[in-house]
Amino acid sequence: MDVRERGTAGKPALAPPRRPGFAGVLRARWAALPPRQRQMAGLAVAIALAVLYPFIDSALGLGFMGAAVPIAVFVVLAVGLNIVVGYAGLLDLGYAAFFAIGAYTMAFLTSPQSVLPFGTNFWVAMVISFFTAALFGVLLGSPTLRLRGDYLAIVTLAFGEIVPDVVRNWDAVTRGNKGMSPIGRPVIFGLDLGQTQQQWYFLILAVLALTVVMIVRLHDSRLGRAWKAMREDELAAAAMGINLMQTKLLAFGLGASFSGFAGSLYAGFLQTVDPEQFRFDISIMLLAAVILGGMGNIWGVIGGAVLIGTYDRIIADRLQGWVDALGQATGLGFLQNLPVASSKLMVFGAALVLTMVLRPEGLFPSRARAAELHGEAAVDVTEPVHDEVAAGSTQP
Amino acid sequence: MSTNDPLRPTMAPTAPLALGSTFTPPPSPASLRSAPSPASGRGAGGEGSGEGQPLLEARGVTKRFGGLVAVSNVDFTLPERRIYSIIGPNGAGKTTFFNIIAGLYRPDAGTITFAGRTIVGLKPHQITRLGIARTFQNIRLFGAMTALENVLVGMHCRLTTNALGAIVRWPAVNREEAWAREEARALLRFVGLAHKEHEWARNLSYGDQRRLEIARALATRPRLLLLDEPTAGMNPMETAATMRFIERLRDTGLTILLIEHDMKVVMSISDRIMVLDHGERIAEGTPAEIRSNPRVIEAYLGRTSGRAATGSDTP
Chain X
1 MDVRERGTAG
11 KPALAPPRRP
21 GFAGVLRARW
31 AALPPRQRQM
41 AGLAVAIALA
51 VLYPFIDSAL
61 GLGFMGAAVP
71 IAVFVVLAVG
81 LNIVVGYAGL
91 LDLGYAAFFA
101 IGAYTMAFLT
111 SPQSVLPFGT
121 NFWVAMVISF
131 FTAALFGVLL
141 GSPTLRLRGD
151 YLAIVTLAFG
161 EIVPDVVRNW
171 DAVTRGNKGM
181 SPIGRPVIFG
191 LDLGQTQQQW
201 YFLILAVLAL
211 TVVMIVRLHD
221 SRLGRAWKAM
231 REDELAAAAM
241 GINLMQTKLL
251 AFGLGASFSG
261 FAGSLYAGFL
271 QTVDPEQFRF
281 DISIMLLAAV
291 ILGGMGNIWG
301 VIGGAVLIGT
311 YDRIIADRLQ
321 GWVDALGQAT
331 GLGFLQNLPV
341 ASSKLMVFGA
351 ALVLTMVLRP
361 EGLFPSRARA
371 AELHGEAAVD
381 VTEPVHDEVA
391 AGSTQP
Chain B
1 MSTNDPLRPT
11 MAPTAPLALG
21 STFTPPPSPA
31 SLRSAPSPAS
41 GRGAGGEGSG
51 EGQPLLEARG
61 VTKRFGGLVA
71 VSNVDFTLPE
81 RRIYSIIGPN
91 GAGKTTFFNI
101 IAGLYRPDAG
111 TITFAGRTIV
121 GLKPHQITRL
131 GIARTFQNIR
141 LFGAMTALEN
151 VLVGMHCRLT
161 TNALGAIVRW
171 PAVNREEAWA
181 REEARALLRF
191 VGLAHKEHEW
201 ARNLSYGDQR
211 RLEIARALAT
221 RPRLLLLDEP
231 TAGMNPMETA
241 ATMRFIERLR
251 DTGLTILLIE
261 HDMKVVMSIS
271 DRIMVLDHGE
281 RIAEGTPAEI
291 RSNPRVIEAY
301 LGRTSGRAAT
311 GSDTP
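Each protein sequence line maps, in turn, to chains X and B. Per the numbering used here, the first sequence runs over residues 1 to 396. Per the numbering used here, the second sequence runs over residues 1 to 315.
Isolated chain B (complex conformation):
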């Protein structure tokens, strides 16, 4: 939605970058990954792979809804430990593409491999277990559960307690539960919600809810994090803090796939960008390449006013 830019022309000057107020810095991001996991057998530990190797690869992905081709023959390679953004006008198929990766939709054609494994046809929970976590465009927290409980739900697939264990509560179960709570609190601290662990998700402020959703996604211990418009509805200060937070996540070793409307956000933090329009990939490259790509400008602002787009998008 390029309309963002015309809509908030005053934002650029009011977004100072030196604001650490909304996100408290994480104590040690490493604790996220180094904590002992009782659930073994997840392919999450695959560190040895060098930087920039493809983590996710899509070939010829197509999805139709009736007569409408929502995603059409999209090829896409996501390098590891990068922030990769998908942009495009409304209805370009960004969220559909996201939902295909997350297993909500099955593509009509094409293949998707994650860490060398095909994931087409897997159920959403199986994909989560492989190491892909997501947030939602319209926040979908469990409103009547506390912040801590929300994160604990995110840890579900890393815990092993079964019905019998839950009833009898032998020592291993209690240990696991205690560990899970500790880990969940660490995650809340990491996103700056430590003091709100007992609040219901629905009572949190909008920005806090977005952060809690990220904490919940991180709790599944992903290798790839899908963020669907993480700064939607945020004020400039919150947006700037969120951007820095996302960069910090990348620096801990996560790969991030981002859908974002705010051009300023996209251009400043993405390592690479893919542009979708009417379900088709019309451009792919670094922010600089995208910014000067005539097809992108055309898709966003139409043929005649192409110059205006470059004008407002470049800082």
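Same shape as in the complex, but just chain X:
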């Protein structure tokens, strides 16, 4: 990302007399690549890792597959939320509501416990979930997107609370806290693709790939430009003929649909839905993933989501054990008594605060965003050619 910085400033400092080891050579080679190739190489490595992960997991006996699937779902959610927050600049605090809507749509359409008199197969239900979530996104968005940022955040926050609450209390339809199960299975030509965690993982990875392609294409189109322009300056965007309401609604609706998409898959994976899966924390964790990764940059957001998902699903549960072990090994008593497991969210919060202080643009920002926050050459904008002339002609 900050290619130039690392390439020029980092190298001389790294290469004093010591003979460069294998890693050093590798790093030098890496720095010498043109940025575009470096990006492609990074992408290829990431894809390869993602695809090979199940085999690595089983070869090393890590046993993280059960966590890998929810993490992949989490990534789909994060890239969807990135449309709303990162591209269009709308703060959505109730994104998990659409996740729930997607999951329950899947349940209603495929579960034997559904109250609906008809059902569909898994794939049709997945597509319907996509559009149902979009519909709810538009329904919520059309009255509320007129509001300015802070108000929108509050309305979405409320929506995020209302949806699980309705689900919890509408026993007759949703079976309340008991939830619904089982859910339809992803069967294709008589072959069940959801028998093992590995199969689910690949299924969700495929959906993730599809989602990413769709979103990248949206971003590189007339609509993506309109979102970006709107985020930067609504007034100027409107003066360019951009219908703000429609453009926001599109971002909001599309974001919701990808959330619904993810929800339907997740319901299939768990084979059950219940209101506890869609609490407020999910919305906040997703927002954190988007911000941590680097708002607006889809690759950064994927990275952020993987990090946060990994922390949430893998590290947090094991951290207590690790810290205890460290305490015993070093003989530091206080380490043994640290209540790490119960302060999962605190560690998480601290990490976020640190990121915002040290690297407000996120870990993997887009170039534009990094410049925005570090004020690279921002002076040029405000500094007119002749100071006196400017002083004479600026209106008070």
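Hint data in this document are derived by calculation from the structure and do not stem from the laboratory. Be a bit skeptical, because a hint or two may be false.
Chain B side only, calculated, beta carbon under 7 angstroms to chain X, not exhaustive [claimed, not checked]:
1) N99
2) V120
3) P124
4) H125
5) R134
6) R140
7) F142
8) T146
9) L152
10) G154
11) H156
12) C157
13) L159
14) A166
15) I167
16) T220
Have a look at the derived ranges for each label pair, beta carbon to beta carbon [what the hints assert, rightly or not]:
17) X:A153 - B:N138: 53 to 61 angstroms
18) X:W30 - B:A178: 28 to 36 angstroms
19) B:E199 - X:Q271: 27 to 35 angstroms
20) X:F280 - B:L68: 44 to 52 angstroms
21) B:N174 - X:W123: 23 to 31 angstroms
22) X:V166 - B:G116: 48 to 56 angstroms
23) X:S142 - B:R64: 30 to 38 angstroms
Built from N, CA and C at the ideal position, the CB exists for glycine as well.
Let chain X serve as the given structure and place chain B on it in line with the hints.
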């Protein structure tokens, strides 16, 4: 701001008119209008109307902010294919009047018609789509987008790609996108920024930013261009080049409404001028008429020093 003149007394001799350096001449201004537009149905093509016909008409336009009357009962007729300037001291309501036309404010009273259609109550984007484009007094480019992207955003309303098209990218979408980029590059060439298309708007020099803003406005393919102090903060050379550029725009068939503080600019390029003071129209006419109008002189320099104004304003 008549204060411009006292502030830069040395400008007149240092603004030679033979400088083509800052603006490269456009290859063919006609390409702006003749390029095929995939977005049809915009009333932009209405050529047949003869020169000098009113394009924009305002009657009794009034805008109050609380107790302050920012624009008061202004009548105004903008002939087609002319450069029309609005001048007036600070706080005279020029920018407010602009913002009313552009749809940012809704007037409390009065009517505005553009090409025979009333535009009061329309949203800014709808007004842009009808063929009115604008620039801003304090440049409002999309700083973290490249010059090319800025112009492409300006073309937004002439393009038709929807979400499904953007995702599937069927051939028509690719064709439109390629056409849009070509058109945007032509516009950048037209304003002399061809070699800077990949630079971020925020990294461009001040003069380049002003030019990019005009290119972005032109990308909406307007019939009427509203320029809010296009030469603010420019040095004399840049100002002279910008003036010639604006004249060239008029010659391609555009109508231009200008807010300007620099009297030299206003007097030399305007076909007609309207003077606002405290929200009221106090004079309207050709530059010569305005220059000798006692009310204008009074508004600008106060009662006693009226003579000084005529002295410094006339070349």
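These are the hints, each one checked on the structure:
1. Given hint, N99 of chain B at the interface with chain X, is violated; its Cβ is 10 angstroms from that chain's nearest Cβ, farther than 7 angstroms.
2. Among the interface hints, the one on V120 of chain B is violated; its C-beta lies about 17 angstroms from the nearest C-beta in chain X, farther than the 7 angstroms criterion.
3. Proximity of P124 of chain B to chain X holds as hinted, the smallest CB-CB distance being about 4 angstroms (cut-off 7 angstroms).
4. With a cut of 7 angstroms, the hint placing H125 of chain B at the interface with chain X holds, because the nearest CB-to-CB distance is about 5 angstroms.
5. Because the beta carbon of R134 of chain B sits about 6 angstroms from the nearest beta carbon in chain X, less than 7 angstroms, this interface hint is met.
6. Annotation: R140 of chain B was flagged as interfacial toward chain X, and the flag holds, the nearest CB pair being 4 angstroms apart, inside 7 angstroms.
7. Hint on F142 of chain B holds. Least Cβ distance to chain X is approximately 5 angstroms, under the 7 angstroms limit.
8. With a cut of 7 angstroms, the hint placing T146 of chain B at the interface with chain X is violated, because the nearest CB-to-CB distance is about 9 angstroms.
9. Hint status for L152 of chain B relative to chain X: holds, with the closest Cβ pair at about 6 angstroms, below 7 angstroms.
10. Using the Cβ-Cβ criterion of 7 angstroms, the hint placing G154 of chain B at the interface with chain X is satisfied: the shortest such distance is roughly 5 angstroms.
11. Below 7 angstroms, beta-carbon pairs count as interface contacts, and H156 of chain B has one with chain X at about 5 angstroms; its hint therefore holds.
12. A distance limit of 7 angstroms between C-beta atoms decides the matter here; for C157 of chain B the minimum to chain X is near 3 angstroms, and the interface restraint holds.
13. Because the smallest distance between the Cβ of L159 of chain B and any Cβ of chain X comes to about 5 angstroms, under 7 angstroms, the interface hint for this residue holds.
14. Hint on A166 of chain B holds. Least Cβ distance to chain X is approximately 4 angstroms, under the 7 angstroms limit.
15. For I167 of chain B, the interface hint holds, since its Cβ comes within 7 angstroms of a Cβ in chain X; the closest pair sits about 5 angstroms apart.
16. At about 5 angstroms, the closest approach between the beta carbon of T220 of chain B and any beta carbon in chain X falls short of 7 angstroms, and the interface hint on this residue holds.
17. The hinted range of 53 to 61 angstroms is not satisfied by A153 of chain X and N138 of chain B, whose Cβ atoms lie roughly 28 angstroms apart.
18. Distance hint check: the CB atoms of W30 of chain X and A178 of chain B are about 34 angstroms apart, consistent with the given range 28 to 36 angstroms.
19. The supplied range of 27 to 35 angstroms is broken by E199 of chain B and Q271 of chain X, whose beta-carbon atoms lie about 54 angstroms from each other.
20. About 46 angstroms separates the C-beta atoms of F280 of chain X and L68 of chain B, a value consistent with the hinted range of 44 to 52 angstroms.
21. At roughly 29 angstroms, the beta-carbon separation of N174 of chain B and W123 of chain X lies within the given 23 to 31 angstroms, and the hint holds.
22. For the hinted restraint 48 to 56 angstroms between V166 of chain X and G116 of chain B, the CB-CB distance of approximately 52 angstroms keeps it satisfied.
23. Range check, S142 of chain X to R64 of chain B: about 31 angstroms between beta-carbon atoms, so the 30 to 38 angstroms window is met.
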